[in-house]
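Novice: Listed here are the chains, written in short residue letters.
There are 2 protein chains.
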Amino acid sequence: MVRRARRNPRESNSIKQLPYRHLRNPYPALAIASEDEIEAIHHASLALLRDTGMRFLLPEAREILKQAGAQTETGSERVRFDPDLLIELVSKAPPSFTLHARNAGHNLFFGENAVNFSMVASTPNVSCLDKGRRTGNFHDYCNLLKLGQSLNTTHLIAGYPVEPIDLPPTTRHLDAIAALATLTDKPLYAYALGDVRINDGLEIAKIIRGIDEQTLQEQPSLITIVNANSPLQYDIPMLQGVLSMVRRGQPVAFTPFTLAGAMAPVTVVGALVQQNAEALAGIAFAQAVNPGCPVMYGSFTSNVDMKSGSPAFGTPEYAKATVISGQLARKYQIPLRASNANASNAPDAQSVYESQMSLWSCINGHINLIMHGLGWLEGGLCANYEKVILDAEMLQMMSEYLQPLSFAEDELAVKAIDEVGPGNHFFQSAHTIERYEHAFYSPLVSDWSNFETWQENGEVTATQKANKIWKQLLAEYNEPLLEQDCAEQLDEFVQKRKAEGGAPSL
Amino acid sequence: MVRRARRNPRESNSIKQLPYRHLRNPYPALAIASEDEIEAIHHASLALLRDTGMRFLLPEAREILKQAGAQTETGSERVRFDPDLLIELVSKAPPSFTLHARNAGHNLFFGENAVNFSMVASTPNVSCLDKGRRTGNFHDYCNLLKLGQSLNTTHLIAGYPVEPIDLPPTTRHLDAIAALATLTDKPLYAYALGDVRINDGLEIAKIIRGIDEQTLQEQPSLITIVNANSPLQYDIPMLQGVLSMVRRGQPVAFTPFTLAGAMAPVTVVGALVQQNAEALAGIAFAQAVNPGCPVMYGSFTSNVDMKSGSPAFGTPEYAKATVISGQLARKYQIPLRASNANASNAPDAQSVYESQMSLWSCINGHINLIMHGLGWLEGGLCANYEKVILDAEMLQMMSEYLQPLSFAEDELAVKAIDEVGPGNHFFQSAHTIERYEHAFYSPLVSDWSNFETWQENGEVTATQKANKIWKQLLAEYNEPLLEQDCAEQLDEFVQKRKAEGGAPSL
Chain V
0 MVRRARRNPR ESNSIKQLPY RHLRNPYPAL AIASEDEIEA IHHASLALLR DTGMRFLLPE
60 AREILKQAGA QTETGSERVR FDPDLLIELV SKAPPSFTLH ARNAGHNLFF GENAVNFSMV
120 ASTPNVSCLD KGRRTGNFHD YCNLLKLGQS LNTTHLIAGY PVEPIDLPPT TRHLDAIAAL
180 ATLTDKPLYA YALGDVRIND GLEIAKIIRG IDEQTLQEQP SLITIVNANS PLQYDIPMLQ
240 GVLSMVRRGQ PVAFTPFTLA GAMAPVTVVG ALVQQNAEAL AGIAFAQAVN PGCPVMYGSF
300 TSNVDMKSGS PAFGTPEYAK ATVISGQLAR KYQIPLRASN ANASNAPDAQ SVYESQMSLW
360 SCINGHINLI MHGLGWLEGG LCANYEKVIL DAEMLQMMSE YLQPLSFAED ELAVKAIDEV
420 GPGNHFFQSA HTIERYEHAF YSPLVSDWSN FETWQENGEV TATQKANKIW KQLLAEYNEP
480 LLEQDCAEQL DEFVQKRKAE GGAPSL
Chain F
0 MVRRARRNPR ESNSIKQLPY RHLRNPYPAL AIASEDEIEA IHHASLALLR DTGMRFLLPE
60 AREILKQAGA QTETGSERVR FDPDLLIELV SKAPPSFTLH ARNAGHNLFF GENAVNFSMV
120 ASTPNVSCLD KGRRTGNFHD YCNLLKLGQS LNTTHLIAGY PVEPIDLPPT TRHLDAIAAL
180 ATLTDKPLYA YALGDVRIND GLEIAKIIRG IDEQTLQEQP SLITIVNANS PLQYDIPMLQ
240 GVLSMVRRGQ PVAFTPFTLA GAMAPVTVVG ALVQQNAEAL AGIAFAQAVN PGCPVMYGSF
300 TSNVDMKSGS PAFGTPEYAK ATVISGQLAR KYQIPLRASN ANASNAPDAQ SVYESQMSLW
360 SCINGHINLI MHGLGWLEGG LCANYEKVIL DAEMLQMMSE YLQPLSFAED ELAVKAIDEV
420 GPGNHFFQSA HTIERYEHAF YSPLVSDWSN FETWQENGEV TATQKANKIW KQLLAEYNEP
480 LLEQDCAEQL DEFVQKRKAE GGAPSL
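Taken in order, these protein sequences are the chains called V and F.
Residue 378 in numbering that gives the first Met the number 0 is what sits at position 379 of the first sequence, and the numbering runs on without skipping anything.
Residue 354 in numbering that gives the first Met the number 0 is what sits at position 355 of the second sequence, and the numbering runs on without skipping anything.
Keep in mind that the hints were calculated from the coordinates and are not lab data.
One copy or two, either will do: identical chains are not told apart, so a pair holds if it fits within one copy or between any two.
Cross-link-like lysine to any residue pairs, in silico, SDA-like; alpha carbons within 20 angstroms at most:
no. : residue 1 : residue 2
1   : K130      : V459
2   : K414      : E36
3   : K330      : Y26
4   : K130      : Q454
5   : K414      : A46
6   : K145      : N477
7   : K497      : E202
8   : K306      : F450
9   : K306      : H437
10  : K205      : H105
11  : K205      : D174
12  : K330      : P27
13  : K306      : E436
14  : K306      : F426
15  : K464      : S307
16  : K145      : D184
17  : K15       : S307
18  : K145      : P123
19  : K91       : D81
The task is simple: from the sequences and hints, build the whole structure.
Specialist: Shown next, in the form of structure tokens:
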């Protein structure tokens, strides 16, 4: 057994991260269902949309679908799709798109084998080791944005990391999107809760990117995610938001809320049939509105705990559903989102093994947008500061795993092994010394010192260390430069819209 | 957002596990290196064994290899292999074998897409939340065997879960193997530390299985793992042990100790070249001794922390090395072992995310024997009771992930979705009620109650819950029945061998 040396006491305390990277998964996508099985899901979803159909609660949406050839009935919200029509509409969706940020280095590509991670989103509560759990608020919202900006593993903030419930609902989106636009230089997000919030978000995108309407429509600059009201329903505010997004060429991820046993059948395969039907119906609607507009296929299929009715995440069922969703999205050639999800109440071992089950399934399944990448707890009811950091470590490890190895002759090291020879060691070999500084992944959180050193240093667990790291990141946070002109325009816009009363309450 | 219901307070406290399962991985094996890249490793290892060769410290081993056609030199311990000879010897190894246990239901198949998990092995220390860390001892050794017997996820105890250092070294193996043979009915293991310990282990195997020598040789009943003294060396006690095993048809896993940057080149690919050379040389030796005898290819390639020299496990480098090892073993059609490894000092979040990185790589890479499946900490310097339970949960989740889904018409649930209809829920549907009890994975450790219930119940973390579970498992432990006759013979044998002085100290 190798003796583990003591850590060098002179080591600097500064936080070292991997660089910001646009990730690609160079390895093959996993397929756990056969082609026939994927076809079975496909045909079952088509049959469902043909025979049962889906409710589109917004009359304008039904009218658009009717014009496109779908079946509607007077006095009913139900829309039924002929399979050929559905496939024709879905096939208009582009296989990839780029989402633009005010910092062009943070533009994101969605499609092919791209991998993007986003912060935790849409939780009503927030917690940390120091202060415990509290209701979402603007202070914590801004802190989480700052962490999202500082952590190189965060590609996107896709939804409020925590709901700033202390802000008035009518103007909350203005403060929230303005904070997102100033505290980070990563792409923007707005909720599809009616058209006003989306339109305000798009105005802010134009202001901070300094672009006109035509450029906005050519360069997607704001993303949104809509959940179906599963089973088989899209509601009015969501459809209004979708219309506002899609008409101006902005990407929408259609994510059915298919928890097997609750809002979807108790079988994983049945839940996937329903997910597929709901996602395709949403995508078809978007393409009927604006053919060729960017969309995403959203997978959120998991199961509930049948004992308590609580949603469960990072389960074996979730893992299988996520990988099969990857197969479905590739069949339709549409970028895919899923989540780094867990159902733990604390940033403990459970939160991590459930997250890892989710994360590996996302990576194996070639998911393009891994939502809730950093900081999710309680199946989405809480954002947690320590989990943000534990997740950052896990995402860094995954980022490094996705860097392909070189098989150049010097890497094969036959000569180096020969020089060291039997029974010796490589610490001092020239081959080692030339490479050791950047040879291996260097962790953000993990403590690799030996037990005695770890004990002397206070037996700090990974979660406790994560607590120190987020505080240090916040202390060292630097707001990304926003041109004076843009900042003033943004401020004027927000003040004007607040004076106008913001958006209607929902 | 779904409201999470309170847990039913009448729920029973008994520990529920998944059933004991012989696992197969029905999904495709991952390949992260191209065929050319695998060939590059292959040819580099052959060149290394041809030009640099390997030290076999036991003269008898060198003589056997010389007779088989390898190059040896008088006065040197070095053995060099012609590539054709090496490939010819390696090709004699069988692609699979069955390891027999006294309980035939616990016989294990190694090869193809079989997945077997073993307990933590060979740690000098042991720890738990209650008593902290202490030196290995027979009491904890027996406790860990009992947990290994009780936990259905444990297929094999492959090495002492902790070294019983309080037992005299000359007779330790007798007490240790006798305890393994009585406290569990899973397959046996002995250390290849000279021939005496192996031969004693084989006698015990014959006694408890009630078989004669010929049956033993036809039905492998004891397994051992040998580590190369990397780089490029096999020592005398190990080679003696190998000879005793292989001559009697018992399986040996040849596992190079290739920590990149220490006992192997600092490049992962270089470490794999060395691993491949050392493993193939060991396998070739076994086949020269007894053509067709069962062997395993062992992968343990990881890296050291270049700041401290400490070994690191569950790193991105470990993940890549493990998956590529799978590709190599499949090329040679030899069963493969790797590990569920981590370098954490506590059963905390780090121990879990590092383990998950290891575990997913083992599953993705189709590793047949996942060593240290339950309870490893500190890179192998400590066995931990809580980690045994956390790992059991992770292995159960993996076991469930490996159960393929049914795509039968009823599972697709088109009719059930139609019956529930838009905007309703599935809790009360006939399709749900027929299936809900066994629809989903039920966790061993995870707490899926809502935050308020979890808080009322004392905010128990997964690690704290694991502490309660192992105590309950030990309290409920039942020794598996061993026939009176066998038990008496075993006792007689151990007493006789102790009286004879046991085995030489090493």
